[in-house]
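Trainee: Each chain, written out:
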Amino acid sequence: NAGVTQTPKFQVLKTGQSMTLQCAQDMNHNSMYWYRQDPGMGLRLIYYSASEGTTDKGEVPNGYNVSRLNKREFSLRLESAAPSQTSVYFCASSGPRTAVSYEQYFGPGTRLTVT
Amino acid sequence: AQSVTQLDSHVSVSEGTPVLLRCNYSSSYSPSLFWYVQHPNKGLQLLLKYTSAATLVKGINGFEAEFKKSETSFHLTKPSAHMSDAAEYFCVVSDAGNMLTFGGGTRLMVKP
Numbered sequence: 094n095a096g097v098t099q100t101p102k103f104q105v106l107k108t109g110q111s112m113t114l115q116c117a118q119d120m121n122h123n124s125m126y127w128y129r130q131d132p133g134m135g136l137r138l139i140y141y142s143a144s145e146g147t148t149d150k151g152e153v154p155n156g157y158n159v160s161r162l163n164k165r166e167f168s169l170r171l172e173s174a175a176p177s178q179t180s181v182y183f184c185a186s187s188g189p190r191t192a193v194s195y196e197q198y199f200g201p202g203t204r205l206t207v208t
Numbered sequence: 134a135q136s137v138t139q140l141d142s143h144v145s146v147s148e149g150t151p152v153l154l155r156c157n158y159s160s161s162y163s164p165s166l167f168w169y170v171q172h173p174n175k176g177l178q179l180l181l182k183y184t185s186a187a188t189l190v191k192g193i194n195g196f197e198a199e200f201k202k203s204e205t206s207f208h209l210t211k212p213s214a215h216m217s218d219a220a221e222y223f224c225v226v227s228d229a230g231n232m233l234t235f236g237g238g239t240r241l242m243v244k245p
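Line order of the protein sequences matches chains Z and V. If you count the first sequence from 1, position 61 lands on 154 in this note's numbering, and the numbers rise without skipping. If you count the second sequence from 1, position 15 lands on 148 in this note's numbering, and the numbers rise without skipping.
Where hints are given, some of them may not hold.
[Said to hold, decoys possible] Straight-line alpha carbon distances no greater than 30 Å define the calculated DSSO-like cross-link-like pairs of lysine-lysine that follow: (1) Z:K107 / V:K202; (2) V:K182 / Z:K164; (3) Z:K164 / Z:K150; (4) V:K244 / V:K202; (5) V:K175 / V:K191; (6) Z:K150 / V:K175; (7) Z:K102 / Z:K164; (8) Z:K102 / Z:K150; (9) Z:K102 / V:K182; (10) V:K202 / V:K191; (11) V:K244 / V:K175; (12) V:K201 / V:K191; (13) V:K201 / Z:K102; (14) V:K191 / Z:K150; (15) Z:K164 / V:K175; (16) V:K202 / V:K182; (17) Z:K107 / Z:K150; (18) V:K191 / V:K244; (19) V:K201 / V:K182.
Everything labelled a hint here was simulated from the structure, so no lab data went into it.
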């Protein structure tokens, strides 16, 4: 049981390049999330997927797209990277709110630098 | 709308002394509240959560937090700090669905 896994762990891009961050969970959770973490700002929600086949914008969606490939996998794509997207990206998943514990479980993060 | 304010961006304590990390929240609903810990270059781990049961919540590694509705606070405490407690701590609120709002974080430093 690996929990939430993310690839890659580190990435350096040049401005204008594209890339996809991968996330997978093995806890049979319906909901999955992408956050970015910047110093002093906590984590901010980029996109989320409440269930397979649905995605919605979070607080900071501009410059990103997502795909909920199946129940396990939720990817984040940067079509044309900008220096402002330099950040640490976290994927998370959660079960339904009515469950005994519905907290979000986080992956180890992807550290992205855009030059 | 919901929001979280962590009142200290940095807290420094000596090993063996008490820890207090302060958190105030704003919510238009009966909130659920969480504390997460992040060790350097790691992901986030849940320390404890409040979900409208007992107002004093015990978590892992000797941490606890008290929900005070009248003060809209959810401060994190530990009686005796250990070197391994050095990390960043996030107070988090959720008032509907599974959406979380994070505070800005408090970096805890523990001096030997």
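Trainee: Are the hints correct? Go through all of them and say.
Mentor: Taking the hints in turn, this is what the structure says about them:
no.	hint	in the structure
1	Z:K107 / V:K202	48 Å, violated
2	V:K182 / Z:K164	26 Å, holds
3	Z:K164 / Z:K150	18 Å, holds
4	V:K244 / V:K202	33 Å, violated
5	V:K175 / V:K191	23 Å, holds
6	Z:K150 / V:K175	25 Å, holds
7	Z:K102 / Z:K164	22 Å, holds
8	Z:K102 / Z:K150	24 Å, holds
9	Z:K102 / V:K182	28 Å, holds
10	V:K202 / V:K191	17 Å, holds
11	V:K244 / V:K175	21 Å, holds
12	V:K201 / V:K191	15 Å, holds
13	V:K201 / Z:K102	39 Å, violated
14	V:K191 / Z:K150	34 Å, violated
15	Z:K164 / V:K175	25 Å, holds
16	V:K202 / V:K182	15 Å, holds
17	Z:K107 / Z:K150	25 Å, holds
18	V:K191 / V:K244	24 Å, holds
19	V:K201 / V:K182	14 Å, holds
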